[in-house]
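Use these hints to put chain V onto chain H, whose structure you have.
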Amino acid sequence: MIVASGPVIPNFGQGSHCEVTNGFFCPEWVRDHWHDTLEPALVQHIELALLAVVIGFAIAFVLALCGLRYRVLNGPIGYWADFLYTIPSLALFQLLVPVTGITVLTVEIALVSYTLLVLYRNMIEGLRSVPAEVIESARGSGFTRTQTFLRVELPLATPTIMAGVRIATVSTISIATVAAFVLPQGLGYPLFIALRQDVFKTEIFAAGALAVALALTADALLHLLERALTPWMRVRRA
Amino acid sequence: MTLLADQFQPGTFVDALRFIVDNIGFLLHLAGEQLELSLAAIGIGLVIALPLGLWLGHKHRGLFFAASVSNVGRALPSIVLIAFGLVIFGLGFWNNTAALVVLAVPPILTNSYFAIDGVDPDIVEAARGMGMSERQVLTQVELPLGLPLVIAGIRIATIFVIATATIASIAGGGGLGDVIVNQATYGLAGVVGASLCVSLLAFGAALLLGLLHRAVSPRPVASD
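Protein chains in written order, with our numbering: chain H, 1 to 238; chain V, 1001 to 1224.
Same shape as in the complex, but just chain H (with noise of 0.2 Å):
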């Protein structure tokens, strides 16, 4: 257990009264620890969350092209991705640690991993969902297979393929919080250590709820790049 290390509150003797006697929020400990705690917190979380979506991203890519092609694949993949939801965050990151270090690479192979499951189960799903007749009239009125694939599959299937980008993003941004129990980078470091601190409550606020407006605010920006994604969508709708 982490929590009982002893009363370290972080400028003790110096704080405000709010802060020497860990009251529920201190506005003022926020405003002098934005820049060096908060800050740098905020944007390492970004930096490992946008990383981890974008490899993902790719990597799911080109597993569900060749998923589309082999379906062998789907059942293999579909297991694994199934072991590895299973399998604490916590303790992953610790597994890699012997391997790579107490690296970005270690927090971003297992933020990567859990990423793959959502967005090559969303692509496939996207893709197949395409009608038959719809390839095919594009390929009768004379699109090669590429300009099929990029000007018709792509685009109808972009919804399905970003709700898993939603999806893995958020969760991503949610994972990334764990991973400073291996690495002292995110919003996750400065809660872990309120935590040992004789759980200092304006830190743990002020980092969670940094990691919740975060992943919130993630979430409505792909939205929106969906809209803009799909103009058609719209219309349908209205």
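Which bits of chain H does chain V cover? Going by a derived footprint, with three or more residues having C-beta under 8 Å, they are:
#1 161-175
#2 197-205
Label-pair ranges, simulated between beta-carbon atoms:
#3 1064/V with 141/H: 38 to 44 Å
#4 1126/V with 141/H: 42 to 48 Å
#5 1067/V with 68/H: 26 to 32 Å
Just a few of them, taken from the derived set where beta-carbon distance is under 7 Å, the chain H residues facing chain V:
#6 87
#7 88
#8 91
None of these hints come from the bench; they were simulated from the model.
Even glycine gets a Cβ: it sits at the ideal position worked out from N, Cα and C.
Same frame as chain H, now just chain V:
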């Protein structure tokens, strides 16, 4: 929280299995703790989310609510929830239970909403036409038809909660996480062994609910 990073060797898995065999009593005790915490959270989650989801689905109301609950639920990092639970409820059983309940509610609520909302309106109309009360329509028509999806939601929630209950150890929740967060004492073999146990627990629960899912799914009707 210092990580000593034992050297990873292929033998680590063998050591992990040996750790499990040597400490089977201890691990079973921890697994029991973790299961107790998870079941409490899933139970409370069911009591809150299931009736609400079914009722909203039956009324075809609250689409935005059901969808937002699942979005917001996903955006809440488990470690943040557990830390918040610790701050609000103090150290104990309930801080972690409350955090895990928050985690369990979204999949159950959203799935039960969409399960009932998605039942063929013609069937519901026919049931009403036969003189069924609203209650009968829900319990005898919509619920049996939507049950597979409802159980799928409970299955997701269960895997989530059991795997996340590991983190509860940080806030005094006990369970297999006690070994997983304490590599300094138990070594990498202990961490791997304990996490295999967590996987086994989550997988076992998922398997059971998967069988239930299959049992309640309508069998394809043989056509002549």
